[in-house]
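What follows is each chain in one-letter form.
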Amino acid sequence: MSAMTDDTLPASPRTLRDEMIVFAAMAVLLAIVPATGIYPFFVMQALCFALLACAFNLLIGFGGLLSFGHAMFLGTAGYFTAHALKEWGVSPEIGIVIGTAGAAALGLITSYVSIRRQGIYFSMITLALSQLLYFIYLQAPFTHGEDGIQGIPQGMMFGFINLSNPTVLYYVVLAGFLGGFLLIFRTINSPFGEVLKAIRENEPRAISLGYKTDQYKLLAFILSGTLAGFAGSLKVFVAQNASLTDVHWSMSGEIVLMTLVGGLGTIFGPVVGAFVIIAMQQYLAGFGQWVTVIQGVIFVACVLTFRRGIVGEIGHYFRRSL
Amino acid sequence: MQALYAQLLVGLINGSFYALLSLGLAVIFGMLNIINFAHGALYMMGAFCAYFLLNLLGIGYWWALIIAPIAVGIFGMILERTMLQWLTGLDHLYGLLLTFGIALIVQGLFQNYFGSSGLPYAIPDELRGGMNLGFMFLPIYRGWVVVFSLVVCLATWFLIEKTRLGANLRAATENPTLVRAFGINVPRMITLTYGLGVGLAALAGVLSAPINQVRPLMGADLIIVVFAVVVIGGMGSIMGSIITGFALGVIEGLTKYFYPEASNTVVFVLMVLVLLIKPTGLTGRAA
Numbered sequence: 000m001s002a003m004t005d006d007t008l009p010a011s012p013r014t015l016r017d018e019m020i021v022f023a024a025m026a027v028l029l030a031i032v033p034a035t036g037i038y039p040f041f042v043m044q045a046l047c048f049a050l051l052a053c054a055f056n057l058l059i060g061f062g063g064l065l066s067f068g069h070a071m072f073l074g075t076a077g078y079f080t081a082h083a084l085k086e087w088g089v090s091p092e093i094g095i096v097i098g099t100a101g102a103a104a105l106g107l108i109t110s111y112v113s114i115r116r117q118g119i120y121f122s123m124i125t126l127a128l129s130q131l132l133y134f135i136y137l138q139a140p141f142t143h144g145e146d147g148i149q150g151i152p153q154g155m156m157f158g159f160i161n162l163s164n165p166t167v168l169y170y171v172v173l174a175g176f177l178g179g180f181l182l183i184f185r186t187i188n189s190p191f192g193e194v195l196k197a198i199r200e201n202e203p204r205a206i207s208l209g210y211k212t213d214q215y216k217l218l219a220f221i222l223s224g225t226l227a228g229f230a231g232s233l234k235v236f237v238a239q240n241a242s243l244t245d246v247h248w249s250m251s252g253e254i255v256l257m258t259l260v261g262g263l264g265t266i267f268g269p270v271v272g273a274f275v276i277i278a279m280q281q282y283l284a285g286f287g288q289w290v291t292v293i294q295g296v297i298f299v300a301c302v303l304t305f306r307r308g309i310v311g312e313i314g315h316y317f318r319r320s321l
Numbered sequence: 000m001q002a003l004y005a006q007l008l009v010g011l012i013n014g015s016f017y018a019l020l021s022l023g024l025a026v027i028f029g030m031l032n033i034i035n036f037a038h039g040a041l042y043m044m045g046a047f048c049a050y051f052l053l054n055l056l057g058i059g060y061w062w063a064l065i066i067a068p069i070a071v072g073i074f075g076m077i078l079e080r081t082m083l084q085w086l087t088g089l090d091h092l093y094g095l096l097l098t099f100g101i102a103l104i105v106q107g108l109f110q111n112y113f114g115s116s117g118l119p120y121a122i123p124d125e126l127r128g129g130m131n132l133g134f135m136f137l138p139i140y141r142g143w144v145v146v147f148s149l150v151v152c153l154a155t156w157f158l159i160e161k162t163r164l165g166a167n168l169r170a171a172t173e174n175p176t177l178v179r180a181f182g183i184n185v186p187r188m189i190t191l192t193y194g195l196g197v198g199l200a201a202l203a204g205v206l207s208a209p210i211n212q213v214r215p216l217m218g219a220d221l222i223i224v225v226f227a228v229v230v231i232g233g234m235g236s237i238m239g240s241i242i243t244g245f246a247l248g249v250i251e252g253l254t255k256y257f258y259p260e261a262s263n264t265v266v267f268v269l270m271v272l273v274l275l276i277k278p279t280g281l282t283g284r285a286a
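Residue numbers (numbering that gives the first Met the number 0), protein chains in the order written: chain G, 0 to 321; chain F, 0 to 286.
Excised from the complex, chain F in its bound form (with noise of 0.2 Å):
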């Protein structure tokens, strides 16, 4: 039991990923029409910046769980100020394009400069050790990263559904002329919530840091892995995206633990299922 209680953690601490980035794949998909490949990289770059904070300015975990996902947030929102904004009005598959040559790009200077192989990140002191809950042993940092990716879930789906801001962006998203008349800034809007997608995806980058190590391919396959999530949940909901990821890691916790050989297939296998029996996906609206 002990063993299965662990592949489950492992299960919902890749949710947590899973969760964090297809959330920000939907957000910026529904502003910007664009699905974000380089999403892994940037995912990679928020642990890299973590890993730079720390080695060579001595700034610790604490302070790089904010200060990566800005930095990487404002890389981002560059990247949709200088490129992606001319996209606006081409084939959705423009934008899957540019973002995966992004995506090579920052992955093959991250590779050049660091190779394939893994550097270590060590958890905070306040986060080492471990708790005994009775049923099973519960490394205390990984306790932490399914509670804090929860929140920032929750969170994030309280700001977009919840509150003027996101109501705006629910309206631009839309019908973005309306909302332009109504004299609200749109495209500094847009800029923004590729900042917003973009920082979620570094804040997993972080929070993965000490558990996966830090590599310039750590997103790479990852990022395939969370389209098919994303395939799977549709973008149509953030609730649905959260639910989906979670749900997801647990299911491939569980594959591990019964059945190991398909633990890196399951994801894609359930991806054909549910287009079999429900092609919208389980939350999506038709595309």
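Isolated chain G (complex conformation) (with noise of 0.2 Å):
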């Protein structure tokens, strides 16, 4: 993993209290969207994508591990959560701990299988399980095939936060971003974050020092599976329904890219590539596939000239890590 951490990994050590002032910042700026009369939708449905993208970086990030499949905890959620609202009538609180411990238990699934293996093989089985459950999920009956949940019930939350109201439901989902947010962050900084970082950076020396690395991958990818799931959780409260798009393997190369975009391996990059990637979908949503021509000159543009990303570039510029 050496190359990789050479070139995107800041020069200085971190420093919590930049971090602090920068999470503050965006934790105003966003409290304030209602007010500036910008679409709620569309900084909610960001939201959801920037949780999604930052709990996969902490697999890519911190432990060195490219999930190609993290679109299975999305959609498992997000369909977990949907039959649960819309079938069995819960309250909504309910609706997302169903859907994230169903996200929780892929994670426990999965991470048993495809830890087996490093690098780039656990890149194609990543993206090979994730293609299994899209198709388990094209037949079974519960998610409606092609057609999915439609029309999901957003109810109130705890009995009294009436989700239905716009303004009410960012708040809802910012507090869920925020949380979730802070969680990573708090991970990042631990003990166990440090021991991620030191097995991306030399699995082998981590082993000879005595620590079980599997377990501590394994645990890093359930964690960020079930963060995963969270967002996806979160999204259906946003989108009102849960279709088979979110299990596929173009929707985890979308989660890639945001990533890739606000810089892999930093705190914040996921956000503001989250972001940018949902900003440019919107307003190109009329050019049909050339969505997907642009996204996927941005990867290779990424790729070759800009592997820090965004907030890596800034982050270097200014030699802090953000």
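Hint data in this document are derived by calculation from the structure and do not stem from the laboratory.
Mixed in with the good hints there might be a few duds.
Short, incomplete list of chain G residues facing chain F, as computed with Cβ under 10 Å [to be verified]:
no., residue
1, Ser113
2, Arg116
3, Ser129
4, Leu132
5, Leu137
6, Gln138
7, Pro140
8, Ile293
9, Gly295
10, Phe298
11, Ala300
12, Arg306
13, Ile309
14, Ile313
15, Phe317
Among chain G residues calculated to face chain F with C-beta under 8 Å, some are [what the hints assert, rightly or not]:
no., residue
16, Gly118
17, Val194
18, Leu259
19, Val296
C-beta atoms are modelled at their ideal positions from N, C-alpha and C, and glycine is treated no differently.
Each of the two chains sits in its own frame; use the hints to bring them together as a complex.
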């Protein structure tokens, strides 16, 4: 993993104070969005994807594991939450718990299979597993196949928070995003996170120091999958549907793209990347397959000339880790 | 029984494509240390190349079988010279991301101009019709695809394992610096290797054009199955790729007969089982 870290990691050690300031600024900016008149649906969608990309980044940026199947957590949690809300009529908070728990269980199973191989094989295995799940959901009756689950009720959270009010929903999604973000932030700065980084830098050395690296990777994968699932559950309330698009390999590719654009291994990069990519899709929605072409061009350009990503470049310029 | 044999034949044909594609992936991975995500898109370009040759220039199937792999191979070599070569020394994952981007560009462009539906490509006159083998009816074209793919696979194996060129190639895979010291132009060899791997994908594309129709996304899902094949077989051995490819095709065909619901997923399920039992893959060395 040496080549990646040489190129992507900022020169200076991380300073918690800088990160706290940026985090506070981000929270304030996001909190005043409803007052600015920006279409809240767009920001909510971007927040869900931002959390998803952050969860993905926990694996690649801090554990060195490139998952090319993270859409499976998004889609699984989405289907579980949507089914629970619509068919069983559970309250929103229970729906979120069911969806997130489903993603956690999936993470437990898939991590056990996929961490058996390293590097590029890990990426191919996660991609294949998500494709397996795609075909299962295509045929399973509860997902309604190609139609997906439509018209999901948003309901009253904890009995008094009315999620069908866009402003209320916005703050609930924002709270979910910030909570998930802080959990990832805490993980990265914990002893567990330090060991993960050690594994990314030099796995044989970490093993020789007595760390059971497989257990660390397993836990990181499950945590990442669970948080990705949490993002998927939140997204159900925003989009009010759950469909096969969310489990498709192209969605996994978009998650990778968001993180790459923002900056692999940076803390705020995935958030910036998610907003950039979602905004781009919004503006180019009328151009059909050109969106795919442009996404491909961004991939190529990022890998060839811009490997640090937006936040990584900014951090490199100011010699700060963001 | 007729249906069983028919599904077995379909399995063998899919197995030919798995073998040709995973063979190319293995050869490319050996030399470039890149998992070529664009392989599916280049397979599709091979099929489109045959389609253009026929409909724009009136050049038929037999010439397409030669021209399309060369044309797509040259396109691949340009990709290698202009982009992939800059990734030398970087982490493997960048190669995957770059080629994924290339695949998105190529597939997106073709979708823009040709939509998502299939374009027909007729079976050449010489290979029309079928033979009655007594126990089953064999469409000649399908038999031809299986036999020809097998021959190409074995020829590639022979080239890499038994010739002097192949020996240089294998040596350069092990230790490029040392091979360069012997006066062999390794960067050129890398470019040619990429061209060869890509050419095999394009050849598979031409072979599949009359069977599967020519579609911009024909390679997109296929490449994921081929990745699973590669994980099962491991990329250490050429013969291993060939055998695994054909074997998985046959298993998929049998599944279509006995339990059709699982035919899309059987290769992935097998991958999971192999990973649980023998994590390094059936023939693979440790990654």
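Quick rundown of the hints versus the structure:
1. Ser113: Holds - the Cβ of serine 113 of chain G comes within 10 Å of chain F, reaching about 8 Å at its closest.
2. Arg116: 6 Å, holds
3. Ser129: 9 Å, holds
4. Leu132: Check passed: Cβ of leucine 132 of chain G comes within 9 Å of chain F, closer than 10 Å.
5. Leu137: 8 Å, holds
6. Gln138: 6 Å, holds
7. Pro140: 12 Å, violated
8. Ile293: 8 Å, holds
9. Gly295: 3 Å, holds
10. Phe298: 3 Å, holds
11. Ala300: It holds, given that the least Cβ distance between alanine 300 of chain G and chain F is near 8 Å, below 10 Å.
12. Arg306: Where the cut-off is 10 Å and the nearest Cβ of chain F is about 7 Å from arginine 306 of chain G, the hint holds.
13. Ile309: 16 Å, violated
14. Ile313: 21 Å, violated
15. Phe317: 24 Å, violated
16. Gly118: 5 Å, holds
17. Val194: Where the cut-off is 8 Å and the nearest Cβ of chain F is about 20 Å from valine 194 of chain G, the hint is violated.
18. Leu259: Because about 7 Å separates leucine 259 of chain G from the closest Cβ in chain F, which is inside the 8 Å limit, the hint holds.
19. Val296: Holds. Min distance 6 Å.
Consistency note: the structure conflicts with the earlier hints numbered 7, 13, 14, 15, 17.
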